[in-house]
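Taken in order, these protein sequences are the chains called A and B. If you're matching positions, the first sequence starts at 9 in the working numbering and goes up one per residue. If you're matching positions, the second sequence starts at 13 in the working numbering and goes up one per residue.
These aren't lab readings, by the way, just hints derived from the structure by calculation. Only a predicted model underlies this, so the values are computations on that prediction, with no experimental measurement involved. It is possible that part of the hints are untrue.
Said to hold, decoys possible - With beta-carbon atoms standing in for the labels, derived distance ranges: (1) A/Gly181 - B/Val151: 57 to 67 angstroms; (2) B/Arg154 - A/Phe165: 42 to 52 angstroms; (3) A/Asn86 - B/Ile66: 44 to 54 angstroms; (4) A/Phe148 - B/Pro80: 28 to 38 angstroms; (5) B/Ile62 - A/Phe337: 41 to 51 angstroms; (6) B/Tyr279 - A/Asn86: 42 to 52 angstroms; (7) A/Gly85 - B/Arg47: 50 to 60 angstroms; (8) B/Tyr279 - A/Arg143: 30 to 40 angstroms; (9) A/Val35 - B/His223: 33 to 43 angstroms; (10) A/Phe165 - B/Ser90: 16 to 26 angstroms; (11) A/Gln199 - B/Ile62: 55 to 65 angstroms; (12) A/Asp68 - B/Pro73: 39 to 49 angstroms; (13) A/Gln199 - B/Phe81: 51 to 61 angstroms; (14) B/Pro265 - A/Phe83: 41 to 51 angstroms.
Said to hold, decoys possible - Think about it this way: if two alpha-carbon atoms lie no more than 25 angstroms apart in a straight line, the pair counts; the simulated DMTMM-like pairs of lysine to aspartate or glutamate are: (15) B/Lys176 - A/Glu55; (16) A/Lys308 - B/Asp275; (17) B/Lys176 - B/Asp310; (18) A/Lys134 - B/Glu313; (19) B/Lys240 - A/Asp332; (20) A/Lys134 - B/Glu76; (21) A/Lys134 - A/Glu254; (22) A/Lys80 - B/Asp157; (23) B/Lys176 - A/Glu43; (24) A/Lys264 - A/Asp332; (25) A/Lys308 - A/Glu64; (26) B/Lys240 - A/Asp237; (27) A/Lys60 - A/Asp81; (28) A/Lys241 - A/Asp339; (29) A/Lys241 - B/Glu313; (30) A/Lys134 - B/Asp310; (31) A/Lys264 - A/Asp339; (32) A/Lys241 - B/Asp275; (33) A/Lys260 - A/Glu103.
To be verified - Derived coverage of chain B by chain A (criterion: at least 3 residues anywhere in the stretch with Cβ under 8 angstroms from a Cβ of chain A; other residues may be distant): (34) 173-187; (35) 254-262; (36) 286-293; (37) 298-304.
For every residue, glycine included, the Cβ atom is placed at its ideal position computed from N, Cα and C.
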Amino acid sequence: MKFNSFLLRRLSLSIFVIFGLSILIFVIARVVPGEPARMALGPQAPEAVVQKLRQEMHLDKPLLEQYFIWVKDAFSGNFGRSLITKRLVLEDIKEYLPATMELVIFAGILMVIFAILLGTLAAQFKDTWVDGLIRVSSYFGIAIPAFVAAIFFMLLFGYYWPILPVLGRLSSGITPPANITGLLTLDSLIQRNFVAFWDAFKHLILPSVALSLGAIFQEARITRSAMVDNMRKDFLSAERGYGIPERVIMFKYLLKPSLIPTVSIMGLDFAFLFGNAFLVETIFNWPGISRYGINAMLNKDLSAISAVVIIFGTIFVVVNIIVDIIVTFLDPRIRLSTSRGI
Amino acid sequence: MINSNLPNNSIAISSVRPKSMFWLNLGKNWYRFSRNTLSVVGLVIVSGIIISAIFAPWITPYPEHAGPFVDFGNRGQSPSLQHLCGTDIVGRDILSRIIFAFRGALIMAVVVLVLAVPFGVLLGLIAGYFHQDSWISIVIMRFTDVFLGLPPLILALVIAAVLKPTLMNAMIAVTISWWSWYTRLVYGMASSVSNEYFVTAAKLKGASKFHILFREILPNCLSPVFTKMALDVGWVILIGASLSFVGLGEQPPTPALGQMVSDGARYMPTFWWMTIFPALAIVLAIMGFNLMGDGLRDMLETGGME
Numbered sequence: 009m010k011f012n013s014f015l016l017r018r019l020s021l022s023i024f025v026i027f028g029l030s031i032l033i034f035v036i037a038r039v040v041p042g043e044p045a046r047m048a049l050g051p052q053a054p055e056a057v058v059q060k061l062r063q064e065m066h067l068d069k070p071l072l073e074q075y076f077i078w079v080k081d082a083f084s085g086n087f088g089r090s091l092i093t094k095r096l097v098l099e100d101i102k103e104y105l106p107a108t109m110e111l112v113i114f115a116g117i118l119m120v121i122f123a124i125l126l127g128t129l130a131a132q133f134k135d136t137w138v139d140g141l142i143r144v145s146s147y148f149g150i151a152i153p154a155f156v157a158a159i160f161f162m163l164l165f166g167y168y169w170p171i172l173p174v175l176g177r178l179s180s181g182i183t184p185p186a187n188i189t190g191l192l193t194l195d196s197l198i199q200r201n202f203v204a205f206w207d208a209f210k211h212l213i214l215p216s217v218a219l220s221l222g223a224i225f226q227e228a229r230i231t232r233s234a235m236v237d238n239m240r241k242d243f244l245s246a247e248r249g250y251g252i253p254e255r256v257i258m259f260k261y262l263l264k265p266s267l268i269p270t271v272s273i274m275g276l277d278f279a280f281l282f283g284n285a286f287l288v289e290t291i292f293n294w295p296g297i298s299r300y301g302i303n304a305m306l307n308k309d310l311s312a313i314s315a316v317v318i319i320f321g322t323i324f325v326v327v328n329i330i331v332d333i334i335v336t337f338l339d340p341r342i343r344l345s346t347s348r349g350i
Numbered sequence: 013m014i015n016s017n018l019p020n021n022s023i024a025i026s027s028v029r030p031k032s033m034f035w036l037n038l039g040k041n042w043y044r045f046s047r048n049t050l051s052v053v054g055l056v057i058v059s060g061i062i063i064s065a066i067f068a069p070w071i072t073p074y075p076e077h078a079g080p081f082v083d084f085g086n087r088g089q090s091p092s093l094q095h096l097c098g099t100d101i102v103g104r105d106i107l108s109r110i111i112f113a114f115r116g117a118l119i120m121a122v123v124v125l126v127l128a129v130p131f132g133v134l135l136g137l138i139a140g141y142f143h144q145d146s147w148i149s150i151v152i153m154r155f156t157d158v159f160l161g162l163p164p165l166i167l168a169l170v171i172a173a174v175l176k177p178t179l180m181n182a183m184i185a186v187t188i189s190w191w192s193w194y195t196r197l198v199y200g201m202a203s204s205v206s207n208e209y210f211v212t213a214a215k216l217k218g219a220s221k222f223h224i225l226f227r228e229i230l231p232n233c234l235s236p237v238f239t240k241m242a243l244d245v246g247w248v249i250l251i252g253a254s255l256s257f258v259g260l261g262e263q264p265p266t267p268a269l270g271q272m273v274s275d276g277a278r279y280m281p282t283f284w285w286m287t288i289f290p291a292l293a294i295v296l297a298i299m300g301f302n303l304m305g306d307g308l309r310d311m312l313e314t315g316g317m318e
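All chains should be built: construct the whole structure from the sequences, respecting the hints.
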């Protein structure tokens with residue numbers, strides 16, 4: 009019951025945020041540029057054609073009505089037609105979104121595994137060379153932007169030491185697995201096509217490492233400091249006094265509460281992953297929605313831009329809800345405090 | 013650190029506030045800051061970048077290369093004593109261009125923070141002062157939530173994309189995607205500070221809302237804001253570099269770090285220096301501001317209340 013009311017509050021807030029985002033994006037894409045129809049067609053287009061597009065985009069109606077038409081269309085999946093691909097934006101999204109999801113999910117998995125691993129190692133071997141090494145690498149890891157890491161990897165693995173592929177999702181000689189989820193690694197696993205799986209997996213490594221590098225080290229530092237703080241707590245000595253095995257203490261009583269700060273900022277780190285995917289996909293020629301979005305932005309393709317942004321906004325909001333739910337499972341105090349209505 | 017009201021000894025004596033203690037305990041604060049060698053390293057990097065950016069026309073070996081300059085005879089020179097970081101595809105000295113690019117990056121960081129921080133802090137302060145169920149607090153925080161609902165880089169990219177690609181518009185785009193984080197930060201602190209007894213005491217004495225907001229609550233929220241500002245300079249430089257990397261920022265021939273990286277990347281691997289040195293410059297700047305910011309946090313937040 010307590011948890012349900014918490015979830016309900018959280019959901020209603022999220023719906024509000026998405027509604028607000030739709031206004032924000034409408035203002036950015038339809039109001040700021042001045043004349044969207046003229047911008048879409050370019051200065052050479054004849055006035056009659058521009059006039060026709062204006063009617064198609066309902067630009068001749070009052071602003072409020074335009075907004076409601078736009079929202080209604082967006083909800084039914086009708087984002088209009090892309091100027092670059094000449095297709096419906098929805099079709100483009102269906103084609104490109106899975107590639108980005110595969111990349112970001114894989115980067116997210118790397119982030120969680122390595123952040124917790126490195127953070128725990130650094131805390132366990134506090135003030136030894138292991139801790140020092142992890143700390144020094146984290147200064148660099150955090151300061152290297154994803155697109156710089158991507159370029160370094162391109163140079164290193166693309167030319168000097170070509171052990172990993174640097175372009176695209178699949179080598180040209182490999183037949184892609186039939187489309188089920190759109191995630192190549194998952195699809196090929198389901199169909200037991202291990203050749204394709206291995207190839208798709210190898211293509212994933214460099215982009216996802218470039219994407220998650222900063223987040224890994226940032227989360228590792230947070231995990232380390234939370235663990236070091238908790239190591240001094242009295243409840244650990246009490247448990248040792250009871251004779252609870254060290255391994256149980258380690259995972260159940262030390263690691264679990266120490267992960268609360270790590271998980272709490274994970275929502276932010278996913279923002280970081282989604283944002284940086286825009287540049288990393290462009291560099292690695294990854295056929296995802298972010299690269300599509302960048303192309304749309306550079307060509308002022310307003311329907312595509314607003315669709316991409318609405319989708320990223322929605323994904324980000326959903327990720328944050330999931331993160332909040334995980335935190336409530338890790339931290340009983342939050343569950344209790346929401347029940348008191350604070 | 014910006015402090016506009018230097019002669020504030022009387023305030024410092026009458027009430028214990030971390031902000032005013034800063035100037036009284038300069039030596040102690042420097043000790044706290046310099047305890048960690050890395051903070052000092054950060055300070056040195058940051059000062060180096062700022063000084064070289066300010067004096068760029070005098071200290072760069074080829075100041076005229078930071079513009080529409082072409083010297084095809086010297087194109088694609090590898091790093092040497094004449095050109096420490098090599099030359100680019102039209103023969104311009106890369107080191108000179110990096111130093112000039114720091115100017116744009118720093119101007120962007122200063123403008124973005126000068127615009128975004130006061131706005132964000134003010135909103136957070138007001139929302140935190142009023143009860144969390146009052147309409148003014150709800151309106152401000154829900155408005156902020158919308159801006160927090162998109163990753164900052166994506167928001168900045170979209171805004172920069174619909175505007176014309178100039179440094180000015182990139183600054184506007186980053187400012188719009190930046191202020192909300194300060195509102196969130198200050199809101200949390202202001203709402204807890206406004207429950208403190210000294211605020212109640214001021215209310216009972218009949219102090220004005222203005223006085224309570226700016227003289228009682230605000231000074232107690234400032235240390236984390238300053239820390240975040242120091243850290244954010246690096247992140248604003250990064251987001252600016254990301255924008256100019258995709259072509260939405262300072263336009264050629266004026267150099268910008270991201271633009272140099274993406275231009276150079278076309279000529280990899282033969283002319284690796286064209287992209288690696290600007291990339292390292294970005295890393296150096298972010299690292300410098302991060303290390304300095306960490307030092308500031310240690311200084312302001314651990315020992316400020318003693």
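Evaluation of the provided hints:
{"no.": "1", "hint": "A/Gly181 - B/Val151: 57 to 67 angstroms", "verdict": "59 angstroms, holds"}
{"no.": "2", "hint": "B/Arg154 - A/Phe165: 42 to 52 angstroms", "verdict": "46 angstroms, holds"}
{"no.": "3", "hint": "A/Asn86 - B/Ile66: 44 to 54 angstroms", "verdict": "53 angstroms, holds"}
{"no.": "4", "hint": "A/Phe148 - B/Pro80: 28 to 38 angstroms", "verdict": "35 angstroms, holds"}
{"no.": "5", "hint": "B/Ile62 - A/Phe337: 41 to 51 angstroms", "verdict": "46 angstroms, holds"}
{"no.": "6", "hint": "B/Tyr279 - A/Asn86: 42 to 52 angstroms", "verdict": "43 angstroms, holds"}
{"no.": "7", "hint": "A/Gly85 - B/Arg47: 50 to 60 angstroms", "verdict": "58 angstroms, holds"}
{"no.": "8", "hint": "B/Tyr279 - A/Arg143: 30 to 40 angstroms", "verdict": "36 angstroms, holds"}
{"no.": "9", "hint": "A/Val35 - B/His223: 33 to 43 angstroms", "verdict": "36 angstroms, holds"}
{"no.": "10", "hint": "A/Phe165 - B/Ser90: 16 to 26 angstroms", "verdict": "22 angstroms, holds"}
{"no.": "11", "hint": "A/Gln199 - B/Ile62: 55 to 65 angstroms", "verdict": "57 angstroms, holds"}
{"no.": "12", "hint": "A/Asp68 - B/Pro73: 39 to 49 angstroms", "verdict": "58 angstroms, violated"}
{"no.": "13", "hint": "A/Gln199 - B/Phe81: 51 to 61 angstroms", "verdict": "57 angstroms, holds"}
{"no.": "14", "hint": "B/Pro265 - A/Phe83: 41 to 51 angstroms", "verdict": "46 angstroms, holds"}
{"no.": "15", "hint": "B/Lys176 - A/Glu55", "verdict": "23 angstroms, holds"}
{"no.": "16", "hint": "A/Lys308 - B/Asp275", "verdict": "22 angstroms, holds"}
{"no.": "17", "hint": "B/Lys176 - B/Asp310", "verdict": "41 angstroms, violated"}
{"no.": "18", "hint": "A/Lys134 - B/Glu313", "verdict": "23 angstroms, holds"}
{"no.": "19", "hint": "B/Lys240 - A/Asp332", "verdict": "24 angstroms, holds"}
{"no.": "20", "hint": "A/Lys134 - B/Glu76", "verdict": "51 angstroms, violated"}
{"no.": "21", "hint": "A/Lys134 - A/Glu254", "verdict": "17 angstroms, holds"}
{"no.": "22", "hint": "A/Lys80 - B/Asp157", "verdict": "23 angstroms, holds"}
{"no.": "23", "hint": "B/Lys176 - A/Glu43", "verdict": "13 angstroms, holds"}
{"no.": "24", "hint": "A/Lys264 - A/Asp332", "verdict": "15 angstroms, holds"}
{"no.": "25", "hint": "A/Lys308 - A/Glu64", "verdict": "18 angstroms, holds"}
{"no.": "26", "hint": "B/Lys240 - A/Asp237", "verdict": "22 angstroms, holds"}
{"no.": "27", "hint": "A/Lys60 - A/Asp81", "verdict": "19 angstroms, holds"}
{"no.": "28", "hint": "A/Lys241 - A/Asp339", "verdict": "16 angstroms, holds"}
{"no.": "29", "hint": "A/Lys241 - B/Glu313", "verdict": "22 angstroms, holds"}
{"no.": "30", "hint": "A/Lys134 - B/Asp310", "verdict": "19 angstroms, holds"}
{"no.": "31", "hint": "A/Lys264 - A/Asp339", "verdict": "9 angstroms, holds"}
{"no.": "32", "hint": "A/Lys241 - B/Asp275", "verdict": "53 angstroms, violated"}
{"no.": "33", "hint": "A/Lys260 - A/Glu103", "verdict": "43 angstroms, violated"}
{"no.": "34", "hint": "173-187", "verdict": "holds (count 3)"}
{"no.": "35", "hint": "254-262", "verdict": "holds (count 5)"}
{"no.": "36", "hint": "286-293", "verdict": "holds (count 3)"}
{"no.": "37", "hint": "298-304", "verdict": "holds (count 4)"}
Hint compliance for this structure: hints 12, 17, 20, 32, 33 are not met, and every other hint is.
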